[in-house]
Amino acid sequence: MTNNKKSYTTAELELIANTIRQDIIKMLLEAGSGHSAGPLDLADIFTALYFDVLKHDPLKPNWDQRDILVVSNGHVAPVVYATLANAGYFDKKELKTLRKFGSRLQGHPERKLLPGLETTSGPLGSGLSQAAGMALSMKMNHDNHRWVYVTTGDGELDEGNIWEAAMLIAKYKLNNLIAIIDRNNIQIDGTTEHVMPLEDLTAKWEAFGWHVIEIDGNDMEAVIDACAMARAIVEKPVAIIAHTVPGKGVDFMEYDYHWHGIPVGAQDVGGAPPKNEQAKVALHELRTLRGKIRSEHE
Amino acid sequence: MSDLHLATNIYHKPDYDPIRKGFGRGLLEAGRRDERVVALCADLTSSTQINMFADAFPERFVQVGVAEQNLVTVGSGLAAQGKIPFVSSYAAFSPGRNWEQIRTTICLNDRPVKIIGSHAGLYTGADGATHQMLEDIALMRVLPNMVVIVPGDSLESEKATLAMAIDKRPNYLRVAREATPILTTKDTPFEIGKAYVYAEGTDLTIISTGTMTYHALIAAERLFSTGIDAEVVHVPTIKPLDGVTILKSVHKTKHVLTIEEAQINGGLGGAVAELLGEEFPVPIKRLGMRDRFGESGEPAELLEHFGLTAKHIMIAAHDLVKKA
Ligand SMILES: [Mg+2]
Chain A
1 MTNNKKSYTT AELELIANTI RQDIIKMLLE AGSGHSAGPL DLADIFTALY FDVLKHDPLK
61 PNWDQRDILV VSNGHVAPVV YATLANAGYF DKKELKTLRK FGSRLQGHPE RKLLPGLETT
121 SGPLGSGLSQ AAGMALSMKM NHDNHRWVYV TTGDGELDEG NIWEAAMLIA KYKLNNLIAI
181 IDRNNIQIDG TTEHVMPLED LTAKWEAFGW HVIEIDGNDM EAVIDACAMA RAIVEKPVAI
241 IAHTVPGKGV DFMEYDYHWH GIPVGAQDVG GAPPKNEQAK VALHELRTLR GKIRSEHE
Chain B
1001 MSDLHLATNI YHKPDYDPIR KGFGRGLLEA GRRDERVVAL CADLTSSTQI NMFADAFPER
1061 FVQVGVAEQN LVTVGSGLAA QGKIPFVSSY AAFSPGRNWE QIRTTICLND RPVKIIGSHA
1121 GLYTGADGAT HQMLEDIALM RVLPNMVVIV PGDSLESEKA TLAMAIDKRP NYLRVAREAT
1181 PILTTKDTPF EIGKAYVYAE GTDLTIISTG TMTYHALIAA ERLFSTGIDA EVVHVPTIKP
1241 LDGVTILKSV HKTKHVLTIE EAQINGGLGG AVAELLGEEF PVPIKRLGMR DRFGESGEPA
1301 ELLEHFGLTA KHIMIAAHDL VKKA
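Chains as they are written, first to last, in my numbering: chain A, 1 to 298; chain B, 1001 to 1324.
The shape of chain A in the complex, shown without the other chains (with noise of 0.2 Å):
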């Protein structure tokens, strides 16, 4: 919930992550560069955080009560950008400069630059071990009204920083941390499980001493309810290992790998239409929630 106290319908949500991921694909368009799968994948779960479960106020961007989310995948920019700018941190104008000389939206974020970012984040594997100091610290303070977040990637799950800090965080009972890794199954080079086999991650993660919460993270009334089941549950920390479709929302970028890292516009990809079509057919399929919306049909 957010500072003001205003709470969204599942339907408004909804609509807002639709949004979201219309700026994500104007956004990288313009920018002629950056990440496509993870962002879309990641729109409803970045909705939820900022307009239902964190307890934030953008016109405070410090304000000393609030939640934080650490976003350890930070080749998810764009997502992260357009939630921040939509939720009121600053002007939806400016998400046309992502990625150009002089923009606060660098290609990856830079917590200096931009209200509401808490870390610097794009080297993978650094952002759990971040948020278990901040956790660390909250419990030092007897600070319990505060709760960290953390996204990560699954392909991110390779690098063995992540599980030092999983380690850490389950010593320490850090049950004011809640982990959400996006398990779109996908990273650069292919298939998780033919990169780097991750599978039996539950398994993996409650041997660390992790309690494991696994959710559809397209959908937006499992994302909330699986964070308000995380706080409540005190004996341990929470993963929520949340299933995504990589892509989605664009017919044509859902479940393939080739979208992981490239934008719309920037090549042609087998099944997908010419790169100069991709961003008018995945707005349009947008707008029309794949032609739920009949008055958009031309």
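Hints are not guaranteed to be accurate.
What the hints assert, rightly or not - Lysine-lysine pairs mimicking DSS-like chemistry, simulated, CA-CA at most 27 Å apart:
#1 Lys-60(A) to Lys-1168(B)
#2 Lys-112(A) to Lys-1239(B)
#3 Lys-139(A) to Lys-1168(B)
Claimed, not checked - Pulled from the structure, derived: some chain B residues nowhere near chain A, Cβ distances all over 10 Å:
#4 Val-1062
#5 Glu-1100
#6 Pro-1144
Please keep in mind that the hints were generated in silico from the structure rather than gathered at the bench.
Computed from a predicted model, the values in this text were never measured in an experiment.
Every residue, glycine too, gets a C-beta built ideally from N, C-alpha and C.
Got chain A sorted already, so can you dock chain B with the ligand onto it with the hints?
For chain B with the ligand alone, coordinates are given in the frame of chain A:
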């Protein structure tokens, strides 16, 4: 230099104390002064002397296990919430293993984490090349935002630790394992970013850091009777480098000899050569490790083998002053 209040027994019977112990005492005092000070260690609590703090403030101590990437990133998170984290391990592992995490989550992210690299240099002795960290100065010096401190004795290490606790930048403190001579007293000044003229001379400037300053002072004393009046500039802060003090000395002597217990590539020798190359090119000779690793042995044997004793400084000094 009377206002430096150096120890009076440096040249005959100096007292000895490990530089890392000065860090341990300094951290304990910093913890007493400010409750935001916290300490983290990667399974080397007594080796790095962080145990003094851990025993006094167990609720402010975090044992991360043998996990140096975690050590500095958990530190970054603590700093993000207003803590002042001191994180210690052997220099070979931190910053040896976790350089990218230091770069991204501490320097670029601008979090004032205090990194302590213990058992740095040849004084690590018998443990051998794997543990004798010689590249840490270069690794840390190249990072924007990072301050690099190499104290010359345990008292200076103690003062440096207290200064780090109130410095707003990321800091790296390099400390040695073995007991080494105490050069200073409690009244000797220390300020981050300042170099100090420990001995005055007119013919040659010997620029030294860390444990090598003792050897530089001994060499300067002996050089005087062989016709060379050497000045010794002790440089406990390698970054930011005190160019004013160094240049003032070199303008006078016009000959420079640097000495360090580290790779000269990117180390003190590198830093001084860069400064003089741009500002005041003069003949320079750099003593230190020249693109090679160490090996097992007693520290004294290693210093002799790698040419880092007062005797070697004297030979180099004569060579340099004669040549010019
Ligand atoms: Mg992935």
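Structure-based check of all given hints:
A hinted pair counts as satisfied when its Cα atoms are at most 27 Å apart, and Lys-60(A) with Lys-1168(B) qualifies at roughly 23 Å. Of the pairs offered as hints, the one joining Lys-112(A) and Lys-1239(B) holds, with about 23 Å between alpha carbons and a cut-off of 27 Å not exceeded. Between Lys-139(A) and Lys-1168(B), the direct Cα distance comes to roughly 23 Å. Compliance with the 27 Å bound is thereby established for this hinted pair. A beta-carbon of chain A comes within 10 Å of the beta-carbon of Val-1062(B); the shortest separation is about 6 Å.
Its closest Cβ contact with chain A, about 6 Å, brings Glu-1100(B) to no more than 10 Å, contrary to its assignment away from the interface. Every CB of chain A lies more than 10 Å from the CB of Pro-1144(B), the least distance being 12 Å, so the non-interface label holds.
Violation of the numbered hints given earlier is confined to hints 4 and 5; the remaining hints are satisfied by the structure.
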